[in-house]
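Protein chains in written order, with this note's numbering: chain Z, 2 to 115; chain E, 5 to 94; chain P, 3 to 158.
Derived from the structure by calculation, the hints contain no laboratory data. Hints may be right or wrong, so weigh each one.
As the list claims (entries may be wrong) - These stretches of chain E come out as covered by chain Z in the derived footprint (C-beta under 8 Å, 3 or more residues):
#	segment
1	10-20
2	47-57
As the list claims (entries may be wrong) - Calculated lysine-lysine pairs in the PhoX-like style (CA-CA distance at most 25 Å, straight line):
#	chain 1	residue 1	chain 2	residue 2
3	P	K155	Z	K93
4	P	K4	P	K142
5	Z	K97	P	K155
6	P	K103	Z	K97
7	Z	K89	P	K97
8	P	K4	Z	K89
9	P	K86	P	K103
10	Z	K89	P	K103
11	Z	K89	P	K99
12	P	K97	Z	K93
13	P	K71	P	K155
14	P	K99	Z	K97
Said to hold, decoys possible - Partner residues are not named here, just some residues of chain Z that face chain E (Cβ under 7 Å, in silico):
#	residue
15	L22
16	D45
17	G61
18	G63
19	L66
20	K68
21	L74
22	L77
23	A79
24	A90
25	A91
Just so it is clear, CB atoms sit at the ideal spot from N, CA and C, and this is done for glycine as well.
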Amino acid sequence: MELLLDIVSWILLISGSFFTLTGALGLFRFPDFFTRTHAAGVTDTAGAGLILTGLMLQAGWGLVLAKLLLILLFSLLASTTACHAMAKAALKSGLKPQTVNDNSNSEEETSSKP
Amino acid sequence: MYIIPAVILLIVMGIALCRAFMGPTLYDRILAVNTFGTKTVLFIAVIDFLSGRQAFLDIAIVYALINFISVIGILRFFEYSSKTALAEED
Amino acid sequence: MKHVLALSVLLSAFWLINSGHYTSLLLFFMVVSVLFVAVLCHRMDVVDGESQPLELTFTIPVYWLWLIKEVTVANIAVARCVWKGADSISPSVIKVKANQKTDLGIVIYANSITLTPGTVSIDLEDNEITVHALTRETAKDLLTGEMDRRVCKVEP
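In isolation and in its complexed conformation, chain Z is listed as follows:
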């Protein structure tokens, strides 16, 4: 049982690290700001979720588990809010997202900045 828990938490920690690294790589490989927010989203949801779940399995029942759960809940809520706030502020300041399909009428929409 102990060994099984160790193995599962090891797998979770490693895959969480992998997703975190992937998201950080995305920060470099994606071309513009709006696509980079998606990469940051990967590190915030998958990375944080998997690593914290892996730690939770090692924590056992107690206050440590509750605190880890609190960190996970808060980081999920805060990262989405911060991500939306950044994207909205960037749009409002006149930064235009690169798009491939020009038939969508989003270009006129974004150009009507205050």
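Model the placement of chains E and P on the given structure of chain Z, informed by the hints.
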């Protein structure tokens, strides 16, 4: 077993800092700093288990709160001066 | 009144989790500070169904389970895009309609869109959410309206 996640998180924090220095626009920098902050929270949690003392989790919670508030605060600050900030970057 | 009570219970739980010391003096401090904050929030008139959505208690766990599944699938898709490089993405801006009746429901919907990697909600006017999608597939998934329906079921 906590060494590998800790090292990878340090590498990721380094990459995020590079993006914060390079970032072509202001918002890229803010995004990178936000990523750096959330990874710091994870790093503190992992270090907590690595040291085996489990006394740092409170610091991680406080860091998560401060990171969120600081990002929102910076955005509020630049909301009113964003035109000049973007012009300067160009 | 029940919202103030819910807030007090929540704050007490938060104190108990973070404190770790259960002496009578500290428990007394807990009661005093929780009462103080609850009275303050009540006087500021911020305690209502929006800050303490009690009606969601039993409906939202099912939605969370579905959301976790969606987030997992989307994470794998975006990770694949990262490793394939910038050629595999096709960013687009789409508009989706939020059919929820309450503000709370719309916020849950917009937040779920942002939480799922591959789609970020960048603007919200009345009932229309502007979404930036990373690839064509994620945009198509969102336009099917599955998530919209599920959030509609969740809200009171």
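Checked hints:
1. 10-20: holds (count 6)
2. 47-57: Contact hint for the segment 47-57 of chain E vs chain Z: holds, 3 residues under 8 Å.
3. K155/P x K93/Z: violated, 32 Å
4. K4/P x K142/P: violated, 42 Å
5. K97/Z x K155/P: violated, 35 Å
6. K103/P x K97/Z: violated, 31 Å
7. K89/Z x K97/P: holds, 14 Å
8. K4/P x K89/Z: Violated - the C-alpha atoms of K89/Z and K4/P are around 35 Å apart, more than 25 Å.
9. K86/P x K103/P: violated, 41 Å
10. K89/Z x K103/P: It holds: about 23 Å lies between the C-alpha atoms, which stays within 25 Å.
11. K89/Z x K99/P: holds, 18 Å
12. K97/P x K93/Z: holds, 16 Å
13. K71/P x K155/P: Satisfied, since the Cα-Cα distance of roughly 18 Å is no more than 25 Å.
14. K99/P x K97/Z: holds, 22 Å
15. L22: holds, 6 Å
16. D45: This interface hint holds because 6 Å falls under the 7 Å limit.
17. G61: Because about 10 Å separates G61/Z from the closest Cβ in chain E, which is outside the 7 Å limit, the hint is violated.
18. G63: violated, 9 Å
19. L66: violated, 10 Å
20. K68: For K68/Z, the interface hint holds, since the closest Cβ of chain E sits about 4 Å away, which is under 7 Å.
21. L74: violated, 10 Å
22. L77: Since chain E brings no Cβ nearer than about 10 Å to L77/Z, farther than 7 Å, the hint is violated.
23. A79: holds, 4 Å
24. A90: holds, 5 Å
25. A91: holds, 4 Å
Checked against the numbered hints listed earlier, the structure breaks hints 3, 4, 5, 6, 8, 9, 17, 18, 19, 21, 22; every other hint is satisfied.
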